[in-house]
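Student: As they're listed, the protein sequences go chains Z and Y. What the first sequence shows, in the numbering used here, is residues 1 to 122, in sequence order. What the second sequence shows, in the numbering used here, is residues 1001 to 1091, in sequence order.
None of these hints come from the bench; they were simulated from the model. Worth double-checking, as some hints may not be accurate.
So, partial list: chain Y residues that the calculated Cβ filter (under 10 Å) puts toward chain Z [claimed, not checked]:
hint, residue
1, A1008
2, D1058
3, L1084
Estimated spans, in silico, between C-beta atoms of each pair [what the hints assert, rightly or not]:
hint, chain 1, residue 1, chain 2, residue 2, range
4, Z, A107, Y, E1088, 29 to 37 Å
5, Y, A1006, Z, G99, 49 to 57 Å
6, Y, A1032, Z, I2, 47 to 55 Å
7, Z, F33, Y, I1090, 26 to 34 Å
8, Z, L106, Y, T1002, 50 to 58 Å
9, Y, I1090, Z, L10, 41 to 49 Å
10, Z, P103, Y, R1028, 18 to 26 Å
Stretches of chain Y that chain Z covers, calculated by requiring three or more beta carbons in the stretch to come under 8 Å of a beta carbon on chain Z [to be verified]:
hint, segment
11, 1014 to 1020
12, 1043 to 1054
Since the model is a prediction, treat every value here as computed from it, not as a measurement. For every residue, glycine included, the Cβ atom is placed at its ideal position computed from N, Cα and C.
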Amino acid sequence: MIVVEALVSLLLVFSGVVVFSSALGLWRLPDFFMRMHAPALLYTVGTWSVTLASILHFSFATGSLALHVWLIIVLLSITAPVTTVLLARAALFRGRQAGEALPEPLASSPAEGPVTGPASKQ
Amino acid sequence: MTLLSAAATLTLVLYALSAIVTLLRLFRGPRAQDRVVALDFIFMVAMLVLLVLAIRYDSAMYFEAALLMALFGFVSSAALAKFLLRGEVIE
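Looking at chain Z on its own, in the form it has when it is part of the complex (with noise of 0.2 Å):
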């Protein structure tokens, strides 16, 4: 029982230090494009490490297998993309509407089209 106790509390105390590392990045990456990669740490290992000593403790405390916490991860690997990719286009129009210095885009993607948004919808 001590050898689980202990694993659970490891998984614990490293997903502490993940989000916090991944905090960090959110506060010191110097550009929006730069800083959108931070949470995913904790949307990844922080996310698992957690739902990894839920598991275990709750098996272990019940006697029989508790998967039901692998709902989250499977959730938030569905929603964190979409979010992602959501926040990444309108931080793109925003900073072209704004005529702000932008990334370029991949040579190899297909050229992008007109910008279509509120003033060019009418």
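Got chain Z; can you put chain Y on it based on the hints?
Tutor: Frame of chain Z; chain Y shown alone:
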């Protein structure tokens, strides 16, 4: 104080520190999209806090709250991104 509760306390302290750092970004953030990212981050940290509390107090009731928090975090940041992109949420 057992090993597990000490580890849970340490983890909660680390989460609180990261929420405070993110709150600074939320107030400072030069553009609106920075604030949306920070808000989404705080939502996820709160979800992790609920999961750690479930382990700390050995109760399965926190799981539903954590699931709802993940769901509402996604819905709110998707709606905010849509608002930043189009100027309105539902067209």
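Student: Hints first: check each against the structure and report whether it holds.
Tutor: Against the structure, the hints come out as follows:
1. About 6 Å separates the beta-carbon of A1008(Y) from the nearest beta-carbon of chain Z, less than 10 Å, and the hint is met.
2. Annotation: interface hint on D1058(Y) holds; nearest CB of chain Z at approximately 6 Å, less than 10 Å.
3. At a threshold of 10 Å, the smallest CB-CB gap from L1084(Y) to chain Z is about 4 Å, leaving the interface hint in force.
4. Between A107(Z) and E1088(Y) the C-beta distance comes to about 35 Å, which sits within the given range of 29 to 37 Å.
5. Distance hint check for A1006(Y) and G99(Z): the Cβ-Cβ separation is about 53 Å, which falls inside the suggested range of 49 to 57 Å.
6. For A1032(Y) paired with I2(Z), a C-beta distance near 49 Å keeps the hint of 47 to 55 Å intact.
7. A C-beta distance of roughly 28 Å is found between F33(Z) and I1090(Y), which places it inside the suggested range of 26 to 34 Å.
8. Judged by the Cβ atoms, the range 50 to 58 Å given for L106(Z) and T1002(Y) holds: they are separated by roughly 52 Å.
9. Between I1090(Y) and L10(Z) the CB atoms are about 46 Å apart, so this pair conforms to the stated range of 41 to 49 Å.
10. Between P103(Z) and R1028(Y) the C-beta distance comes to about 22 Å, which sits within the given range of 18 to 26 Å.
11. For the segment 1014 to 1020 of chain Y, the stated coverage by chain Z is satisfied: 5 residues place a CB nearer than 8 Å to a CB of that chain, which reaches the threshold of 3.
12. A count of 7 residues in the segment 1043 to 1054 of chain Y with a Cβ less than 8 Å from any Cβ of chain Z is obtained; the coverage claim is therefore met, three being the minimum.
Of the numbered hints listed earlier, not one is contradicted by the structure.
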